[in-house]
Amino acid sequence: MEIEIKLFATLRPYLKGLSREGHLDVPDETTVADIVEILQLPAEQVRLVFVNGRHASREHILNPGDRVGIFPPVGGG
Amino acid sequence: MNKILRIDTKQKGFSYSEPETRLALMGGRALTSRIVMDEVPPTCHPLSADNKIIIAPGLLSGTTAANSGRLSIGAKSPLTGGIKESNAGGLVSQKLARLGIKAIILEDKPEGDDYSLIHITKDGVKFIPADDLVGMTNSEVITTLWERFGEKVGVACIGPAGEQRLTGASIQLADPKGNPGRAAGRGGLGAVMGSKKIKAMVIDDAGCERVKPANKEAFSGVAKKWAKLLTSHPVSGQGLPAFGTAILVNVVNEAGGMPTKNFRTGRFDKAENISGELMAELIEKRGGIIKEGCHPGCVIKCSQAYHDKNGDYLTSGFEYETIWAFGAHCLIDDLDAIAEMDRLCDDIGVDTIDTGVAIGIAMEGGLIEWGDKAGAIDLVNKIRTGDPMGKIIGNGAAFTGQALGVDRIPVVKKQALPAYDPRAVKGVGVTYATTPMGADHTAGYGVCQNILKVGGDVDALKKEGNIDVSKNLQVATAVLDAAGLCIFVAFPVLDSEDGFGMIVDMLNARYGVNLTADDVLAIGINTLETEKAFNRAAGFTKHDDRLPAMFKENLEPHNVTWDFTDEELDSTLNFG
Ligand code: SF4
Chain V
1 MEIEIKLFAT
11 LRPYLKGLSR
21 EGHLDVPDET
31 TVADIVEILQ
41 LPAEQVRLVF
51 VNGRHASREH
61 ILNPGDRVGI
71 FPPVGGG
Chain C
1 MNKILRIDTK
11 QKGFSYSEPE
21 TRLALMGGRA
31 LTSRIVMDEV
41 PPTCHPLSAD
51 NKIIIAPGLL
61 SGTTAANSGR
71 LSIGAKSPLT
81 GGIKESNAGG
91 LVSQKLARLG
101 IKAIILEDKP
111 EGDDYSLIHI
121 TKDGVKFIPA
131 DDLVGMTNSE
141 VITTLWERFG
151 EKVGVACIGP
161 AGEQRLTGAS
171 IQLADPKGNP
181 GRAAGRGGLG
191 AVMGSKKIKA
201 MVIDDAGCER
211 VKPANKEAFS
221 GVAKKWAKLL
231 TSHPVSGQGL
241 PAFGTAILVN
251 VVNEAGGMPT
261 KNFRTGRFDK
271 AENISGELMA
281 ELIEKRGGII
291 KEGCHPGCVI
301 KCSQAYHDKN
311 GDYLTSGFEY
321 ETIWAFGAHC
331 LIDDLDAIAE
341 MDRLCDDIGV
351 DTIDTGVAIG
361 IAMEGGLIEW
371 GDKAGAIDLV
381 NKIRTGDPMG
391 KIIGNGAAFT
401 GQALGVDRIP
411 VVKKQALPAY
421 DPRAVKGVGV
431 TYATTPMGAD
441 HTAGYGVCQN
451 ILKVGGDVDA
461 LKKEGNIDVS
471 KNLQVATAVL
481 DAAGLCIFVA
491 FPVLDSEDGF
501 GMIVDMLNAR
511 YGVNLTADDV
521 LAIGINTLET
531 EKAFNRAAGF
541 TKHDDRLPAM
551 FKENLEPHNV
561 TWDFTDEELD
571 STLNFG
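So the protein sequences, as listed, match chains V and C. Using my numbering, you'd call the opening residue of the first sequence number 1 and step up by one each time. Using my numbering, you'd call the opening residue of the second sequence number 1 and step up by one each time.
It is worth saying that the hints were derived from the structure and are not from the lab. Keep in mind that this is a model prediction, so the values were computed, not measured. Treat the hints with care, since some could be wrong.
Claimed, not checked - Dumping the calculated DSSO-like pairs for lysine-lysine here, alpha-carbon to alpha-carbon at most 30 Å:
no. : chain 1 : residue 1 : chain 2 : residue 2
1   : C       : K453      : V       : K16
2   : V       : K6        : C       : K12
3   : C       : K225      : C       : K291
4   : V       : K16       : C       : K197
5   : C       : K126      : C       : K3
6   : C       : K542      : C       : K532
7   : C       : K309      : V       : K6
8   : C       : K197      : V       : K6
9   : V       : K6        : C       : K462
10  : V       : K6        : C       : K285
11  : C       : K261      : C       : K177
12  : C       : K197      : C       : K122
13  : V       : K16       : C       : K291
14  : C       : K462      : C       : K542
Start from the sequences, fold in the hints, and give me the full structure.
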């Protein structure tokens with residue numbers, strides 16, 4: 001299945017190497033944790049994960065077409 | 001730090017007095033709100049001689065405590081008609097603390113049209129005719145005053161908007177580089193200063209000593225741990241310095257909570273073009289500065305110097321809320337155009353949030369097209385010249401909406417909502433509705449628990465837990481505002497077991513007292529109670545603690561609505 005990946009701030013560089021920009025082909029039942037591994041994201045930099053705009057845990061199982069956004073620790077206000 | 005400095009703007013005189021004992025452990029917002037309550041008739045006209053401007057450094061300002069140099073300015077607000085504390089960086093807070101001034105009270109107003117400059121040094125206060133400064137932008141005022149009185153003097157001043165007494169007018173503060181990048185922006189306090197015919201105040205602490213804590217050793221011990229706490233937390237130690245607050249463009253957009261086209265949807269499809277990532281890239285490419293503090297002693301440094309295409313300085317203190325207001329809210333996706341409007345607002349002296357929201361309302365009302373950046377810049381420019389259209393925009397979002405016959409006006413207590421949709425970030429929505437300040441994110445930043453997952457994890461889209469989130473944050477924020485601490489210390493403090501204790505310890509060592517954590521929280525609660533009491537006496541009721549009806553509409557992408565009951569909202573700041 002194909003999912004949409006968005007990496008932000010210091011995680012941006014890890015987008016390189018995706019087949020088509022921002023999209024990733026993964027097996028069914030892929031979890032957020034699997035994505036972190038596939039993209040080789042540094043674990044301590046993965047702080048906020050949104051799936052379709054909702055916070056998701058590492059165990060969250062993805063569906064086709066999901067939009068996954070991953071942020072390092074950031075804040076403001 | 002123990003004197004109250006009263007300045008009579010009518011007689012052009014001044015006097016010092018000892019504060020009453022009950023004010024001894026009040027500073028910053030706790031003190032400005034207390035004095036406004038004690039001395040300003042709640043029903044007075046905000047631009048009349050009865051209103052007063054109170055300027056107070058925080059309880060920890062002037063010490064070596066990191067991030068403790070924030071300033072509180074209070075008055076009855078010409079925008080909301082209620083009490084106002086507007087919080088700002090810059091150089092004034094620490095200098096007042098070193099001058100031993102606990103608060104300045106600007107009273108009365110002169111009869112004529114002649115403006116003054118107030119010069120405060122350790123030798124006293126001078127009124128200097130300021131007709132030469134009238135009409136100047138804030139950049140010009142600060143440049144002139146640094147030339148005249150020396151670089152690095154503290155300056156608080158008003159631009160053309162304050163002179164016109166517009167309800168969107170700010171008081172701008174010189175930052176450490178002499179730019180007017182820091183603002184007591186919200187609530188129209190610049191109009192109050194304009195009504196008192198004060199164009200600028202220069203605060204010079206030459207010849208003053210550093211603030212000496214009562215218990216020096218204990219203080220420096222905690223202050224060291226405190227600085228370490230701030231620099232070791234990933235958000236305040238890495239995220240904020242690297243990307244500033246603009247990083248939130250992508251975060252809030254991803255979370256579906258970025259108000260777009262006057263709060264019609266929660267996502268802006270061009271968010272990338274106004275993002276913090278792009279800002280950092282442009283700053284680097286154009287030779288700007290990625291991280292700067294708004295006052296000496298800030299170790300987080302969320303500010304920056306943003307340069308234009310030619311590599312020349314354009315603006316600083318370029319915040320997420322400003323980018324949102326002129327950006328997603330107006331469907332403008334050009335960071336340079338937004339930076340130009342940020343600069344114009346600082347120079348003309350208007351609040352960037354209320355002005356940006358007003359521009360979107362002007363688009364709503366058909367005055368200019370959605371996304372018309374040239375038209376937007378033109379409207380902001382008109383505030384400077386006194387053009388009637390500029391006066392409308394410069395009076396803020398509520399006024400602009402009324403002038404243009406618009407029915408979607410996102411304000412609470414006439415103050416414009418900031419950059420988080422209350423339906424999709426419910427914790428901060430509760431704050432918008434219930435804070436005595438009018439819609440204000442900084443009064444209880446529920447975005448922490450809702451979106452950033454700092455200090456807890458509470459679902460942004462559901463009601464559950466969000467009344468408490470807002471309540472607890474409003475109390476904690478009132479404490480930070482009393483201490484003179486920047487609200488971004490909340491990120492590490494909320495995530496650490498000892499953070500709040502360190503603030504208590506610093507207060508105790510600074511003043512040689514023995515406050516408990518509960519005593520310190522009581523400062524926050526009392527401040528909120530005082531502010532509510534003032535608003536009630538000014539004519540506010542619980543019906544003013546509501547969001548406008550437009551928020552009953554559904555918001556995409558999460559299909560959420562504003563669903564708190566009146567009872568729930570009324571319980572928020574009920575301390576029993
Ligand atoms: S973190 Fe930002 S707002 Fe806070 S004191 Fe530093 S520069 Fe000022």
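Consistency of the hints with the structure:
1. The hinted pair formed by K453 of chain C and K16 of chain V meets the criterion: a straight-line CA distance of about 28 Å does not exceed 30 Å.
2. Only pairs whose Cα atoms come within 30 Å are accepted, and K6 of chain V paired with K12 of chain C is rejected, the gap being roughly 60 Å.
3. Pair hint K225 of chain C plus K291 of chain C holds up; C-alpha atoms about 22 Å apart against a cutoff of 30 Å.
4. For a cut-off of 30 Å, the pair hint linking K16 of chain V to K197 of chain C is broken: about 58 Å separates their Cα positions.
5. Straight-line distance between C-alpha atoms of K126 of chain C and K3 of chain C comes to about 17 Å, which keeps the hinted pair within the 30 Å bound.
6. In summary, the hint linking K542 of chain C to K532 of chain C is supported, as the alpha carbons are separated by about 10 Å, within the 30 Å threshold.
7. Taking the CA atoms of K309 of chain C and K6 of chain V, the gap is near 28 Å; set against the 30 Å cutoff, the hint holds.
8. A distance of roughly 52 Å separates the Cα atoms of K197 of chain C and K6 of chain V; the hinted pair therefore is violated under the 30 Å criterion.
9. Between K6 of chain V and K462 of chain C the alpha-carbon distance is near 25 Å, which keeps this suggested pair within the 30 Å criterion.
10. Of the supplied pair hints, the one linking K6 of chain V and K285 of chain C holds, its CA atoms being roughly 23 Å apart against a limit of 30 Å.
11. Of the pairs offered as hints, the one joining K261 of chain C and K177 of chain C is violated, with about 35 Å between alpha carbons and a cut-off of 30 Å exceeded.
12. Distance restraint check for K197 of chain C and K122 of chain C: the Cα-Cα separation of roughly 23 Å lies within the 30 Å cut-off, and the hinted pair is therefore satisfied.
13. Using a Cα cut-off of 30 Å, the hinted pair K16 of chain V and K291 of chain C holds, with the two alpha carbons roughly 27 Å apart.
14. For a cut-off of 30 Å, the pair hint linking K462 of chain C to K542 of chain C stands: about 23 Å separates their Cα positions.
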